[in-house]
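Trainee: Once you have looked at the hints, place chain Z on chain W.
Spelled out, the chains give:
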Amino acid sequence: AQTVTQSQPEMSVQEAETVTLSCTYDTSENNYYLFWYKQPPSRQMILVIRQEAYKQQNATENRFSVNFQKAAKSFSLKISDSQLGDTAMYFCAFMKPSLLTNKLIFGTGTLLAVQP
Amino acid sequence: GAVVSQHPSWVICKSGTSVKIECRSLDFQATTMFWYRQFPKQSLMLMATSNEGSKATYEQGVEKDKFLINHASLTLSTLTVTSAHPEDSSFYICSAIAGGSEQFFGPGTRLTVL
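Line order of the protein sequences matches chains W and Z. Letter 53 of the first sequence, counting from 1, is numbered 53 in the working numbering, and no numbers are missing. Letter 82 of the second sequence, counting from 1, is numbered 82 in the working numbering, and no numbers are missing.
Isolated chain W, as found in the complex (with noise of 0.2 Å):
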């Protein structure tokens, strides 16, 4: 079975600098995605960053970026130029493809707290 580990429950960067909050997870298959998910104090859950695990290349989305280390199975997000709309919780998520079903497994979640 496929799990996910966020090892940092809590983060606090100031405003405009950089900050990385890590995640790895554990599987066997070859062919999977993987996912960061921003949940701010609203609770609307919000994709940032999606990685295909084919793809060598790290993912890039504006001010987020991933380090994906398919070996080390290692799948950070690094939030540059933080922002106080950034505060929120960050969720690491694994997905095995499937024709029936596509479930995300989520990790523990981490706190970020960008400060003024």
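Take the hints with a grain of salt, since some may be wrong.
Claimed, not checked - DSBU-like cross-link-like pairs, simulated, lysine-lysine; straight-line CA separation at most 30 Å: (1) Z/66 x Z/55; (2) W/96 x Z/64; (3) W/78 x Z/41; (4) W/70 x Z/66; (5) W/96 x Z/14.
To be verified - Residues from chain Z shown here face chain W by an in silico Cβ test under 7 Å; the list is partial: (6) 44; (7) 49; (8) 107; (9) 108; (10) 112.
Think of the hints as simulated: they come from the structure by calculation, not from any bench. Just so we're clear, the structure is a prediction, and the values are computed from it rather than from any experiment. Where a beta carbon is used, it is the ideal one built from N, C-alpha and C, also for glycine.
Mentor: Just chain Z now, with coordinates in the frame of chain W:
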């Protein structure tokens, strides 16, 4: 695009009553919908997966008779919490897939059982 709505956003009910939560995909047809439960400061726990026109697949440990899921159309899934008790109080989130890899999440429903 890809908007998922939930109704109601917050419901309070008495112990022993049943509550229905609706999840709708507003601008796409959802081949698969998911229901999650989230306790305060915790992660999302998948309760069940439903495909339109077929029975839901429940995760281990989730009571099928307590949490009834109906996916009657490609845009609507409902979760009914039957004979609710205070321990069922939680935040319930649905999501939907349109055939790709991305799940689109609803805003969630806060259930409080008195």
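Trainee: Run every hint past the structure and note whether it holds.
Mentor: To see whether the hints hold, each was checked on the structure:
1. Z/66 x Z/55: Within the cut-off at roughly 15 Å; holds.
2. W/96 x Z/64: Roughly 24 Å separates the two Cα atoms, so the pair holds.
3. W/78 x Z/41: holds, 22 Å
4. W/70 x Z/66: violated, 40 Å
5. W/96 x Z/14: Outside the cut-off at roughly 40 Å; violated.
6. 44: OK, holds: residue 44 of chain Z within 7 Å of chain W, min 5 Å.
7. 49: holds, 5 Å
8. 107: holds, 5 Å
9. 108: holds, 5 Å
10. 112: It is violated, given that the least Cβ distance between residue 112 of chain Z and chain W is near 15 Å, above 7 Å.
Hint check: violations occur at hints 4, 5, 10; the rest are consistent with the structure.
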